[in-house]
Amino acid sequence: MAKVVELENVRREYLVGDQVTVALDDVTVAIESGEFVAIVGPSGSGKSTMMNLIGCLDRPSSGDVRISGSATRELSDNELTALRSKAIGFVFQQFQLLPNTSALENVMAPLLYQGISTKVAKQRATEMLTKLGLAERLNFDRNRLSGGQQQRVAIARALVTSPDIVLADEPTGALDSKTGAQVIELLKELHAEGRTIILITHDLDIAASAPRRIFLRDGLIEKDERGHA
Amino acid sequence: MNLLGTARLALSRIWATKTRSLLTMLGVVIGVAAIVALTSIVDGASQGINKSLATLGTNQLNLTALAPDALTEQDAQALAELEGVAVMFMQSQNEGTIATDTNRVNARLVGVSNQYFEAVKPEIAMGSYLSKNPLAQSARDVVFGADAANDLGLTSDMLGKTVKLNGQDFRLVGVLDDQAGFGTAGRVYVTLESARKIFSQYPYVSAIVVQAETPEGVDALQVAADRLLRERYGLSSDTEARYTITNQASLISAVSSITDTLGLLLTGIAAISLIVGGIGIMNIMLVSVRERTREIGVRRAIGAKQKDVLTQFLIEAVVLSLAGGIVGLILGQIAAFFLAILGDWEFAIRMDTVALALGFSLVVGVLFGVWPARTASKLEPIDALRFE
Ligand SMILES: Nc1ncnc2c1ncn2[C@@H]1O[C@H](COP(=O)(O)OP(=O)(O)O)[C@@H](O)[C@H]1O
Ligand SMILES: [Mg+2]
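Here the protein sequences come in this chain order: A and B. Numbering follows the numbering used here, in which position 183 of the first sequence is assigned residue number 183; successive positions increment by one, without gaps. Numbering follows the numbering used here, in which position 337 of the second sequence is assigned residue number 1337; successive positions increment by one, without gaps.
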């Protein structure tokens, strides 16, 4: 299986004033295409930092991050954006649907940024929303959608470009447990279809639904566990 | 994303926040409306002045005495003999009183030689001009300017009746129209010969007017007239004369340069208000970038390039400014229309005003939109996503 994510001796430090915070400290890990991985750890352990690096939103201070074979450290902002647009689909904790924008337009946006025509984008976005059971909600904006519906729109938005990796940062964090469970079920289904899913969570129960779990503590990998717990 | 898609995003955002968008535009609306209205005022005013000046003719020289004894009838006769002179007339004027049986007011009394009415052709409201017949020059006839007639309360049934000038009896033969031309309104016209009897002393005249055969001949005639008078009075070319010679054409160009300057000044003031409008747009756009930091982060995460964000915000600023410009243009033209009615000048939509208004608001949008748009595009996606 091809490695879609490779982190090699990755270090990421933040400089705030003259204070250096080491968010990730010498992390080496690889994730293969088609895996479903949970990245687990307490608050402040470096999960979001890792997600930003994998998501091509950020570059490492040292070491190498390779996403679908491209090392991100040397890429310009434009190249990084292009890689992100092709390889990554994001699902955020707070859904992050665009304001004053319908479900359909939200899902069309990543395609339009790729330069795909409005007509094709509309067709593909409609198909994806229909697949996720939102065919009746195409023209609703976020104010008229429930939390669970918003997260499903966000997942449709993440999937519509057929990315190499779906990155979900605490996707159930803002949902009640029943709706949260439905979202996890959806991610499992997507995994079953062959998609690569990286789920970031501080919740051990949720992490348990992934076949592989990477435990982070203080910027270091504490444990890399496979098989169902 | 292509430009059309980005433009659609910008427009839908403007539409989604209509009230704010309108308020943001307001500065530019006012600036552009002011420019358009002020331009039309200056235009209208100079139109009016030029029309009045045109009644005096562009082929005309006015020689005005700076002292009561500076010019004489003999000077005038000599000037009339100059090469290229078509018409010559003289005027002698003084303050005096005009009266009916019931009313008495001050007015400017003007004695004119017999060529005057035919040369100037002031529009007449009723009656007729003074006769140009040499035998009629001693007649005690009078023609009133429009204001002078009004001041005295003259009515049409007074034609042919007696009015008093400086206490002496004259026969009212005509009243000029209030559109008769520059400076006619407050005056009362009699023959030069009659003037000699009641308010002006022979042989002096207060002004001599010569008209050249062609407008092109005016400048040469001005030089010749000056040389002739200097010869008659034994003045060297660098001594100051006791008369002035003004050339109507140069007067018109002097006036139009004044109205041009005035126009520039007013446009400058309006341009400042447009700049203030632009700063208003910039201010709101900066606030909007801050408010939308998260949204910008999300857009970057789902594939927007810096250029996409820059273009989106820039288009927003330009559309706001241009829309403000269009509304301002319409309001300004409406104002100009009513001002034209009030000021009694012709209303016209000038293409250069339209271009100026739209061009200006476009420039303002780009100029004041660039900074907020750059700020937005330079946000780091991870910081933008973390922004609370
Ligand atoms: N942009 C940043 N600037 C400064 N410090 C940061 C930034 N992002 C994260 N950190 C710090 O890095 C450490 C790891 O943070 P983060 O990756 O957000 O952890 P987690 O997502 O597991 O809670 C924390 O100490 C956090 O304060
Ligand atoms: Mg986090």
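Do not take every clue at face value.
Said to hold, decoys possible - Reference excerpt, derived from the structure (chain A facing chain B, CB under 8 Å, subset only):
id, residue
1, L57
2, D58
3, S62
4, E79
5, L83
6, N100
7, P110
8, T130
Stated by the list, open to error - Label pairs and their in silico Cβ distance ranges:
id, chain 1, residue 1, chain 2, residue 2, range
9, A, G115, B, W1371, 23 to 31 Å
10, B, I1330, A, N139, 50 to 58 Å
11, B, T1017, A, Q114, 49 to 57 Å
12, B, L1358, A, Q19, 25 to 33 Å
13, A, N139, B, T1261, 38 to 46 Å
14, A, P99, B, L1264, 57 to 65 Å
Read the hints as simulated data drawn from the structure, not as lab findings. Since the model is a prediction, treat every value here as computed from it, not as a measurement. For glycine and all other residues, C-beta sits at the position ideal for the given N, C-alpha and C.
Cross-check of the supplied hints:
With 8 Å as the threshold, the beta carbon of L57/A comes within range of chain B, its nearest partner Cβ sitting at about 5 Å, so the hint holds. The closest approach between the C-beta of D58/A and any C-beta of chain B is roughly 5 Å, which is under the 8 Å cut-off, so the hint is satisfied. For the restraint placing S62/A at the interface with chain B, the shortest Cβ-Cβ distance is roughly 18 Å, beyond the 8 Å limit, so the hint is violated. For E79/A, the shortest C-beta to C-beta distance to chain B is roughly 10 Å, which exceeds 8 Å, and the interface hint is violated.
The beta carbon of L83/A is not positioned within 8 Å of any beta carbon in chain B (closest approach about 10 Å), and the interface hint is therefore violated. For N100/A, the interface hint holds, the least distance from its beta-carbon to any beta-carbon of chain B being 4 Å, beneath 8 Å. For P110/A, the suggested interface contact is upheld, since its CB lies about 4 Å from the closest CB of chain B, less than 8 Å. The interface hint given for T130/A is broken, as the beta carbon of that residue sits about 20 Å from the closest beta carbon of chain B, more than 8 Å.
For the pair G115/A and W1371/B, the beta carbons lie near 28 Å from each other, so the given range of 23 to 31 Å is met. Checked against the given bound of 50 to 58 Å, the beta carbons of I1330/B and N139/A, roughly 34 Å apart, lie outside it. Under the hint 49 to 57 Å, the C-beta atoms of T1017/B and Q114/A, about 28 Å apart, miss the expected range. Distance hint for L1358/B and Q19/A: a CB-CB separation of about 52 Å, inconsistent with the stated range 25 to 33 Å.
For N139/A paired with T1261/B, a C-beta distance near 58 Å fails the hint of 38 to 46 Å. Checked against the given bound of 57 to 65 Å, the beta carbons of P99/A and L1264/B, roughly 46 Å apart, lie outside it.
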